[in-house]
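Number of protein chains: 2
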Amino acid sequence: MRGRIYGIGVGTGDPEDITLKAIRLIKESDVLVCPRKDLTKCRAYQIAKQAIPEIGSIETLAFEFEMTRDVYECKRNHKKIYDIVKELVFAGKMVAFLTIGDPALYSTYSYIAELARRDGIETYSVSGINSISACANSLGMPLCEGEEQLHVIPDTENLEEFLDLPGTKVIMKCGGDMRRVKEKLKKKRNISVYAVSECGTGDERCYRGIGELPEDGRYMLTIIVKTKEEKD
Amino acid sequence: MRGRIYGIGVGTGDPEDITLKAIRLIKESDVLVCPRKDLTKCRAYQIAKQAIPEIGSIETLAFEFEMTRDVYECKRNHKKIYDIVKELVFAGKMVAFLTIGDPALYSTYSYIAELARRDGIETYSVSGINSISACANSLGMPLCEGEEQLHVIPDTENLEEFLDLPGTKVIMKCGGDMRRVKEKLKKKRNISVYAVSECGTGDERCYRGIGELPEDGRYMLTIIVKTKEEKD
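So the protein sequences, as listed, match chains A and B. So that you can map any letter, position 225 of the first sequence is 247 in the working numbering, and since no number is skipped, the others follow by simple counting. So that you can map any letter, position 213 of the second sequence is 235 in the working numbering, and since no number is skipped, the others follow by simple counting.
Read the hints as simulated data drawn from the structure, not as lab findings. One or more of the hints may lead you astray.
[What the hints assert, rightly or not] Pairs of lysine-lysine residues, derived as DSS-like cross-links and limited to a Cα-Cα distance of at most 30 Å, are as follows:
#1 A:Lys102 - B:Lys206
#2 A:Lys248 - B:Lys206
#3 A:Lys248 - B:Lys101
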């Protein structure tokens with residue numbers, strides 16, 4: 023019998039944000055795949071471990087999913103990981119990739135799953151709480167109501183144009199580019215700016231207003247830009 | 023001691039998509055508030071009930087959250103529900119609103135929470151799997167990868183302009199307007215269209231291609247529009 027691959031979202035940081043399905047499938051897995059070589063620094067694994075203390079007894083492969091803007095290097099890295107996973111699946115194993123947030127949104131898992139599907143391997147994605155929902159809820163405010171649109175940008179290119187869109191805007195993965203982001207936000211009128219860093223962890227911090235935004239956006243910062251309501 | 027209000031997301035339909043936190047807080051609640059008078063037809067309650075069979079022993083208020091496009095009637099309805107909830111909170115009760123999907127995205131709870139905050143009542147939102155993530159995962163495909171943007175529209179106004187945005191587009195709440203939506207989708211080049219109805223329930227159905235889309239979009243249909251990749 024052939025194995026299969028699961029991409030399992032574990033939410034952004036709070037182990038209580040894990041779903042029943044994620045817990046069941048992690049426990050049923052033969053092999054876990056984690057995106058950091060050092061498991062003590064792997065956020066996805068540490069979230070899961072708090073919810074599933076016995077996770078240590080499951081065989082675990084820890085790879086360094088190196089972040090690079092070089093598309094070819096990136097593809098080579100994915101292929102290298104996939105080749106190892108493929109052998110396990112062909113040996114009948116159920117392999118689970120742990121991903122922060124949700125596997126459908128900006129996850130490395132999606133590249134591995136694409137390679138697997140091309141080889142006819144069954145893949146299943148298990149929803150996790152994504153950072154869009156988690157950050158709004160940490161701030162205790164709605165992202166969108168009624169007919170408001172929602173727009174998400176995962177980098178800081180074309181930010182000016184993006185900020186002109188109607189409704190609520192979410193900026194993810196600001197990287198080290200916070201100064202530029204703040205400058206662009208300051209130029210916009212009638213917006214309210216919020217952000218959350220390290221959402222769901224013990225280090226979570228909420229920011230209200232451009233002035234409060236940190237200088238360094240590298241640590242899992244999500245910015246939410248709302249259009250100010252006209253008073254009636 | 024004063025009570026508080028929780029908005030608890032229970033996901034789109036699959037009871038296994040419920041989080042540990044949602045389960046704990048529902049169990050700890052003094053009173054549950056549900057958005058349908060008839061609990062057997064209340065999707066949020068039925069999802070929770072499958073995950074928490076003992077939910078029947080918790081006091082439950084079932085209101086009909088009537089959907090209306092009349093803003094004033096809508097506000098009156100929210101106020102009426104809020105006034106009842108407020109008394110409970112002032113009597114020290116912990117009141118939990120069950121919401122389909124996530125409370126930050128297009129939930130009725132957010133209006134009640136806003137009224138409560140104005141009265142100085144503590145409100146907490148508990149993330150649920152939103153339909154954006156759930157539908158993509160049911161389809162077994164990523165919503166966004168790399169630098170792709172994500173855009174969500176909760177109605178069918180300005181759809182043409184919306185479909186011109188870069189990246190992945192999600193159309194929610196198509197209502198009875200499916201014919202118009204399909205016509206507009208057909209006019210676009212280089213897009214791939216997917217949809218999921220009744221996501222996470224036993225009646226879930228996935229659609230691939232405009233031709234497969236149902237004529238009737240009223241029953242929890244989410245459409246995902248992806249830009250076709252240029253082959254390299």
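Hints, verified against the model:
1. A:Lys102 - B:Lys206: Not OK: Lys102 (chain A) and Lys206 (chain B) at ~42 Å, beyond 30 Å, violated.
2. A:Lys248 - B:Lys206: Distance of about 28 Å is within 30 Å: holds.
3. A:Lys248 - B:Lys101: Holds: Lys248 (chain A) and Lys101 (chain B) sit about 24 Å apart, inside 30 Å.
Taken one by one, the earlier hints fail for this structure only at number 1.
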